[in-house]
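> Put together the whole structure using the sequences plus the hints.
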Amino acid sequence: MDASAITAPGDRSTFQRSPLSRAPDQILRWGLTTLACAILLLLVYFFIRLIGESQQALSSFGLSFVFGNDWDVSRNIYHGAPLVVGTLITSAIALLIGVPVAVAAALYLTELCPRRARPALAMLVDLLAAVPSVVYGLWGVFVLGPKLIPAEKWVASTFSFIPFIGGASESITPGNYFIAGLILAIMILPIVSAISREVLHTVPQEHKEAALALGATRWEMIRMAVLPYARPGITGGAMLGLGRAIGETIAVVLVIGNAPTIGKHIFSQGYTLAAVIANEFGESSNTPIHKSALFAAGLVLFVLTLLVNIVARWFVRRGARGRTRGGDVGTAVTATGGGFQ
Amino acid sequence: MSAPALPAISARRRRTDKVMRALLLGGTGIALVPLILIIYYLLHKGLSAWTSSGFFTTDPNGNFFGSPGGIRSAIFGTLEIVALASLIAIPIGIGVALYLTEYGRDSAFANVVRYLIDVMTGVPSIVFGLFIYIVLVVAKVGGSSFAGWKGSLALALLMLPIVVRAAEVVLLLVPDSLREAALALGAPRWRVVSRVVLPTAAPGLVTGSLLAVARGMGETAPLLFTVSVAFGLSWNLNGVMNSLPAQIYGDITNPRSVVVTRAWGAALTLVALILILNVVARLIARRSRVS
Numbered sequence: 001m002d003a004s005a006i007t008a009p010g011d012r013s014t015f016q017r018s019p020l021s022r023a024p025d026q027i028l029r030w031g032l033t034t035l036a037c038a039i040l041l042l043l044v045y046f047f048i049r050l051i052g053e054s055q056q057a058l059s060s061f062g063l064s065f066v067f068g069n070d071w072d073v074s075r076n077i078y079h080g081a082p083l084v085v086g087t088l089i090t091s092a093i094a095l096l097i098g099v100p101v102a103v104a105a106a107l108y109l110t111e112l113c114p115r116r117a118r119p120a121l122a123m124l125v126d127l128l129a130a131v132p133s134v135v136y137g138l139w140g141v142f143v144l145g146p147k148l149i150p151a152e153k154w155v156a157s158t159f160s161f162i163p164f165i166g167g168a169s170e171s172i173t174p175g176n177y178f179i180a181g182l183i184l185a186i187m188i189l190p191i192v193s194a195i196s197r198e199v200l201h202t203v204p205q206e207h208k209e210a211a212l213a214l215g216a217t218r219w220e221m222i223r224m225a226v227l228p229y230a231r232p233g234i235t236g237g238a239m240l241g242l243g244r245a246i247g248e249t250i251a252v253v254l255v256i257g258n259a260p261t262i263g264k265h266i267f268s269q270g271y272t273l274a275a276v277i278a279n280e281f282g283e284s285s286n287t288p289i290h291k292s293a294l295f296a297a298g299l300v301l302f303v304l305t306l307l308v309n310i311v312a313r314w315f316v317r318r319g320a321r322g323r324t325r326g327g328d329v330g331t332a333v334t335a336t337g338g339g340f341q
Numbered sequence: 001m002s003a004p005a006l007p008a009i010s011a012r013r014r015r016t017d018k019v020m021r022a023l024l025l026g027g028t029g030i031a032l033v034p035l036i037l038i039i040y041y042l043l044h045k046g047l048s049a050w051t052s053s054g055f056f057t058t059d060p061n062g063n064f065f066g067s068p069g070g071i072r073s074a075i076f077g078t079l080e081i082v083a084l085a086s087l088i089a090i091p092i093g094i095g096v097a098l099y100l101t102e103y104g105r106d107s108a109f110a111n112v113v114r115y116l117i118d119v120m121t122g123v124p125s126i127v128f129g130l131f132i133y134i135v136l137v138v139a140k141v142g143g144s145s146f147a148g149w150k151g152s153l154a155l156a157l158l159m160l161p162i163v164v165r166a167a168e169v170v171l172l173l174v175p176d177s178l179r180e181a182a183l184a185l186g187a188p189r190w191r192v193v194s195r196v197v198l199p200t201a202a203p204g205l206v207t208g209s210l211l212a213v214a215r216g217m218g219e220t221a222p223l224l225f226t227v228s229v230a231f232g233l234s235w236n237l238n239g240v241m242n243s244l245p246a247q248i249y250g251d252i253t254n255p256r257s258v259v260v261t262r263a264w265g266a267a268l269t270l271v272a273l274i275l276i277l278n279v280v281a282r283l284i285a286r287r288s289r290v291s
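Protein sequences, first through last, are from chains S and L. Residue 100 in the numbering used here sits at position 100 of the first sequence; the count goes up by one each step and never skips. Residue 240 in the numbering used here sits at position 240 of the second sequence; the count goes up by one each step and never skips.
Accuracy of the hints is not assured; some may be wrong.
[As the list claims (entries may be wrong)] Subject to a maximum C-alpha distance of 25 Å in a straight line, what follows is the list of computed DSS-like cross-link-like pairs (lysine-lysine):
no.	chain 1	residue 1	chain 2	residue 2
1	S	Lys-147	L	Lys-45
2	L	Lys-45	S	Lys-208
3	S	Lys-264	S	Lys-153
4	S	Lys-264	S	Lys-147
[As the list claims (entries may be wrong)] To spell it out: a stretch of chain S is covered by chain L in this simulated footprint if at least three of its residues, at any positions, have a beta carbon under 8 Å from a beta carbon of chain L; those stretches are:
no.	segment
5	23-31
6	120-133
7	273-280
8	305-315
If you are wondering where the hints come from, they were derived from the structure by calculation, not from laboratory data. Note that CB positions come from ideal geometry on N, CA and C, so glycine has one too.
Written out as structure tokens, the structure is:
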């Protein structure tokens with residue numbers, strides 16, 4: 001029932017309010033509308049200013065700002081392919097590791113876990129979202145990075161025949177693409193898992209019961225009744241995780257090695273769009289073109305995450321179509337930083 | 001489980017079922033490993049920093065020798081910056097949510113707002129930092145270039161979509177019958193909102209806001225471009241300030257091991273603050289009438 005259809009009976013003159021007593025109503029209504037408009041305008045204004053600040057770098061390097069492979073601060077040449085490639089590699093690693101684990105955890109928590117253990121387990125998975133990124137960075141630099149080197153060397157030498165994994169196993173440093181991807185995987189896990197869980201809850205109980213009644217095992221029920229129904233929503237959740245991975249800064253800048261080159265394998269040092277901004281911002285203050293290049297990196301990052309998020313939201317909304325009005329799945333969960341409801 | 005009339009499940013299907021169930025359980029286990037490891041190391045390395053003398057009562061001093069100082073200014077800086085950010089983000093966020101639930105409803109404009117707010121949650125925090133840097137820091141608005149209140153604004157931008165979405169979900173849970181009852185009694189809209197909708201939804205709104213505050217508290221990137229870093233304790237939000245995330249970030253890259261230990265202590269403090277907010281939010285959510 002739409003409450004806005006029910007207003008005070010204004011057509012009856014006995015109940016007609018004086019214009020003065022209606023004033024607060026109008027103020028509230030238009031005040032709130034203006035507020036909503038103002039936020040949109042603010043975002044547009046920011047976007048235009050960001051384009052303006054990137055102008056210098058974009059006009060001097062053109063398309064090679066994104067596709068050229070030469071980021072050299074000392075010669076003032078800013079061709080950002082190493083950053084873009086680094087961003088894509090680390091995000092891909094994060095998705096490859098994070099999404100299967102997150103979906104497995106979501107499936108276990110919604111379909112298999114004993115009912116009494118559910119809230120506690122779900123809360124623990126969500127807790128990962130409460131750890132700030134700088135703490136992940138701290139842990140990555142001093143614990144995970146050093147401890148993983150032997151394992152990385154072993155993998156690099158044992159599976160040297162696989163492209164992008166083999167090669168230079170002697171020169172593996174604590175900071176590299178893989179560890180950055182691994183930390184990102186941990187960071188996107190609670191988001192992807194929380195959204196998947198919400199989406200899995202929307203699978204109609206009848207579908208599951210029908211599958212079981214036809215003699216399906218639990219896994220067959222998940223594979224044939226649950227997953228097909230929830231797939232768009234889970235895809236959307238994974239893409240929201242991707243957006244997070246692309247934009248993550250502080251944890252990555254600490255563990256990626258900050259080398260402005262395209263690494264030959266996943267254990268080489270690299271750079272990402274977000275990391276370059278955080279790392280070079282201080283030193284760029286006296287070189288306008290350098291600063292402009294960093295703003296341009298921010299612009300590319302912004303546009304990239306915007307595109308990923310727009311597609312992701314579309315998927316999540318499609319997956320949750322027909323649920324409660326406005327309160328679509330996922331948004332509420334991500335909004336609260338991964339559950340804790 | 002299976003009714004007697006059904007044909008027996010073949011051994012192969014049974015095996016697949018077992019294996020897949022084990023895999024899903026294993027996935028859940030793997031998901032918990034990093035959490036356990038991080039908490040273990042935070043306690044292991046952070047508690048020894050907590051017990052060092054003056055950890056909570058002195059400011060970092062930047063000396064190359066001797067005691068590096070504590071984290072007092074960082075704790076207060078974080079609290080000040082986040083408090084101001086909350087004062088900005090929570091009223092505006094709840095206002096926008098009220099627009100969406102009470103006035104906009106399913107109108108095209110409301111849906112555009114909703115969509116953009118969702119997209120806003122995905123904007124990387126560093127980009128918000130850059131926005132504020134371009135608009136406020138470069139222009140030296142307010143007299144100084146880097147300032148605490150500019151950091152608060154960056155955090156507020158980040159918290160705003162979180163508050164809006166959480167508040168909207170809670171406001172939608174307020175039964176329409178309550179609104180209709182108030183309207184039928186002749187109450188104007190603004191009274192319905194202020195006397196019926198907001199009080200009913202209050203606990204949920206507090207929960208959503210606290211979660212947003214917890215989220216803003218841990219952000220580092222926006223602060224680096226807007227507040228910069230300082231050593232001393234400052235109550236002046238129009239100047240550079242220290243903050244826990246910025247201090248941890250600075251300490252990580254420091255070669256002195258005492259400073260790195262301080263980073264662990266500061267990290268434990270930060271996580272503890274965030275967890276307290278989360279637990280309080282959960283307790284309030286449990287007591288609330290709606291949600």
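> Indicate, hint by hint, whether the structure satisfies it.
Each hint tested on the structure:
no.	hint	result
1	S:Lys-147 <-> L:Lys-45	16 Å, holds
2	L:Lys-45 <-> S:Lys-208	47 Å, violated
3	S:Lys-264 <-> S:Lys-153	15 Å, holds
4	S:Lys-264 <-> S:Lys-147	22 Å, holds
5	23-31	holds (count 6)
6	120-133	holds (count 9)
7	273-280	holds (count 3)
8	305-315	holds (count 7)
Of the hints listed earlier, the one the structure fails to meet is number 2.
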